[in-house]
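Peer 1: For this one, chain W is given, so just place chain X on it according to the hints.
In case you want the letters, here they are:
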Amino acid sequence: MAEKTKTNKEDFIPLTVEFSGGLEMLFSNQKKHDVSIPARDESGNSSNIAFLVRYLCDNLMKDPKKEFFIQDNTVRPGILVLINDADWQLEGEDEYEVKKGDNILFVSTLHGG
Amino acid sequence: MTTTIDTTIHTLREEIASCETRLAELRTQLAAAEARSQTESRNEQKARKWPLEKDDYKRYGRQLILPEIGLQGQLRLKKASVLIVGVGGLGCPAAAYLAGAGVGTIGFVDGDTVDESNLHRQILHTTPKVGMSKVDSAIDYCKSLNPTLTYTPHRTPLTPQTALPTFTPYDLVLDCTDNPATRYLISDTCVLLCKPLVSASALRTDGQLMLLNHPSRPAGSVPARDSDSPPGGPCYRCVFPRPPPAASVVSCGEGGILGPVVGVMGVLQALEAIKLIAGGRRDRRYEPSLLLFSATADAPFRSVRLAARRPGCAACSARATVTRDALAGGSLDYVRFCGAVEPVRALGPGERVGAREYYAEEPDPDPDHVLVDVRDKVQFELCSLAGSINIPYSEIAATALPPRRRIYVVCRLGNDSQLAARRMKELGLGAGGKRWIGDIRGGLSAWREVDGEFPDYG
Numbered sequence: 001m002a003e004k005t006k007t008n009k010e011d012f013i014p015l016t017v018e019f020s021g022g023l024e025m026l027f028s029n030q031k032k033h034d035v036s037i038p039a040r041d042e043s044g045n046s047s048n049i050a051f052l053v054r055y056l057c058d059n060l061m062k063d064p065k066k067e068f069f070i071q072d073n074t075v076r077p078g079i080l081v082l083i084n085d086a087d088w089q090l091e092g093e094d095e096y097e098v099k100k101g102d103n104i105l106f107v108s109t110l111h112g113g
Numbered sequence: 001m002t003t004t005i006d007t008t009i010h011t012l013r014e015e016i017a018s019c020e021t022r023l024a025e026l027r028t029q030l031a032a033a034e035a036r037s038q039t040e041s042r043n044e045q046k047a048r049k050w051p052l053e054k055d056d057y058k059r060y061g062r063q064l065i066l067p068e069i070g071l072q073g074q075l076r077l078k079k080a081s082v083l084i085v086g087v088g089g090l091g092c093p094a095a096a097y098l099a100g101a102g103v104g105t106i107g108f109v110d111g112d113t114v115d116e117s118n119l120h121r122q123i124l125h126t127t128p129k130v131g132m133s134k135v136d137s138a139i140d141y142c143k144s145l146n147p148t149l150t151y152t153p154h155r156t157p158l159t160p161q162t163a164l165p166t167f168t169p170y171d172l173v174l175d176c177t178d179n180p181a182t183r184y185l186i187s188d189t190c191v192l193l194c195k196p197l198v199s200a201s202a203l204r205t206d207g208q209l210m211l212l213n214h215p216s217r218p219a220g221s222v223p224a225r226d227s228d229s230p231p232g233g234p235c236y237r238c239v240f241p242r243p244p245p246a247a248s249v250v251s252c253g254e255g256g257i258l259g260p261v262v263g264v265m266g267v268l269q270a271l272e273a274i275k276l277i278a279g280g281r282r283d284r285r286y287e288p289s290l291l292l293f294s295a296t297a298d299a300p301f302r303s304v305r306l307a308a309r310r311p312g313c314a315a316c317s318a319r320a321t322v323t324r325d326a327l328a329g330g331s332l333d334y335v336r337f338c339g340a341v342e343p344v345r346a347l348g349p350g351e352r353v354g355a356r357e358y359y360a361e362e363p364d365p366d367p368d369h370v371l372v373d374v375r376d377k378v379q380f381e382l383c384s385l386a387g388s389i390n391i392p393y394s395e396i397a398a399t400a401l402p403p404r405r406r407i408y409v410v411c412r413l414g415n416d417s418q419l420a421a422r423r424m425k426e427l428g429l430g431a432g433g434k435r436w437i438g439d440i441r442g443g444l445s446a447w448r449e450v451d452g453e454f455p456d457y458g
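Chains as they are written, first to last, in the UniProt record's numbering: chain W, 1 to 113; chain X, 1 to 458.
With a straight-line cut-off of 25 angstroms between C-alpha atoms, the simulated DSS-like cross-links for lysine-lysine are: (1) W/Lys100 with W/Lys31; (2) X/Lys377 with W/Lys31; (3) W/Lys66 with X/Lys377; (4) X/Lys377 with W/Lys62; (5) X/Lys425 with W/Lys62; (6) W/Lys65 with W/Lys31; (7) X/Lys377 with W/Lys65; (8) W/Lys66 with X/Lys425; (9) X/Lys377 with W/Lys32; (10) X/Lys78 with X/Lys195.
Negatives, chain X to chain W, calculated, CB over 10 angstroms: (11) Ile16; (12) Arg22; (13) Glu34; (14) Leu64; (15) Glu68; (16) Gln72; (17) Gly104; (18) Thr152; (19) Thr159; (20) Gly330; (21) Arg345; (22) Ser388.
Ranges of calculated distance between the beta carbons of each label pair, as one might list FRET restraints: (23) W/Asn73 with X/Gly458: 35 to 41 angstroms; (24) W/Lys100 with X/Pro343: 44 to 50 angstroms; (25) X/Gly256 with W/Asp41: 34 to 40 angstroms; (26) X/Pro311 with W/Glu42: 30 to 36 angstroms.
No wet-lab data here; the hints were simulated from the structure.
Please read these numbers as outputs of a predicted model, since none were measured by experiment.
Even glycine gets a Cβ: it sits at the ideal position worked out from N, Cα and C.
Isolated chain W (complex conformation) (with noise of 0.2 angstroms):
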């Protein structure tokens, strides 16, 4: 039992995730979330922001709006991705593996003045 409580630990990973800009409207108007995403994407390879995007949006996000957040596949133009603090092409983009403890957050840029 204590054995297998351990490989489960070792097969999610604990991140912090937040939405900022209006974009935690769509994720149940939190704007911090604590989740354990797992470690392994559908093809067996380490689960990187592409991953974790697809993710929260079949997990998290219970707004039937999902174009808001996704298009095409990855977060929507107008959106901006941060990887503990530093915009995601500091970091590779949607290619970044996802480490224990990352702080992910999406920003909805603003318009109004």
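Peer 2: The following block gives chain X in isolation, referenced to the frame of chain W:
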């Protein structure tokens, strides 16, 4: 003997008296000379040219004594010119602080007039100015705050044709506008003219701030390998290469905005501009960043690192397609680039009734029909029609409806109500056509044709 001594004494006394007379004369001459010299030096003092106007020392004294400003910083502010595009929730506080700080020339671009719904946040506009051009209203305020500066009005909205000539005379631009199309246009123009851009935005209780195109280098320029000079900073297109889907763009009118939230962002824009100008080092190496402000978060300010200029950026890379000719020639269609929201046409004519029609047809209270208001709870509590029930659009699937013969759906403007009615049909609430489901055309906005006293919240 006595006589000789007497003579000596007499002679000495005479000599002393003569010396004293001479001394007195010399003292008078000295005093006169000293007085003359003081007057001359005072005159000299008067003729000395001070670098700032006499009143400026007093007006700017509290910032002049800061090492971040000092005399040189103040002189740079005085020489500088800043263009504020958009004189609304961001532009108003930004303008007030720039005028207060003594930025020599401030330009204002806005084609709008002051509306009552602006007043809770656009702090330069006042109740008697409703209907006046926002540019004139802002200049009016700034002139009374600081009459020593030059204010330039640009009373028409920014277009691709006007952007280059409008921006050319200015050193720095503040983007205080409210839509993606104008934001791309402003950024592209700043890149073409090598001007730094302070960009901010706000919605609901959140704000964002970026310093873009800083340092300002021509598109595609790469610093020489042996030079210390840093590369150009990213532009708006580097951060957002593709515009968001039009349907995802929420305006302050739709989403709401808290006055101090947009105020904070405008004040921060003025601060960035003052730092950039007074510091006098526009070539300084700068780590691009985005400042996020969230009024409701435990730590309201958060700064995140942005990437450098994007290789292949349409505006600032060596492969740029945004050129002066393309911009001035009108071949860049920003409105089309950003897309427009198509009018909602989810229902047919038989599924829609006008406000007057509904009022005439449906006596109230009527056990035979139900009126469903699909706005969110906050708006419903603000004002609603008698007898209506509130089921927010996102909760339609999860809420049971009373078993009446007809369902009327109403919202603020008549768009969501169509989508909600269609969704109800998809969910099978129409009982295979046995139950009529439709909406009130034009929403509550049209209800004012029936009841002029029904509140209008913007």
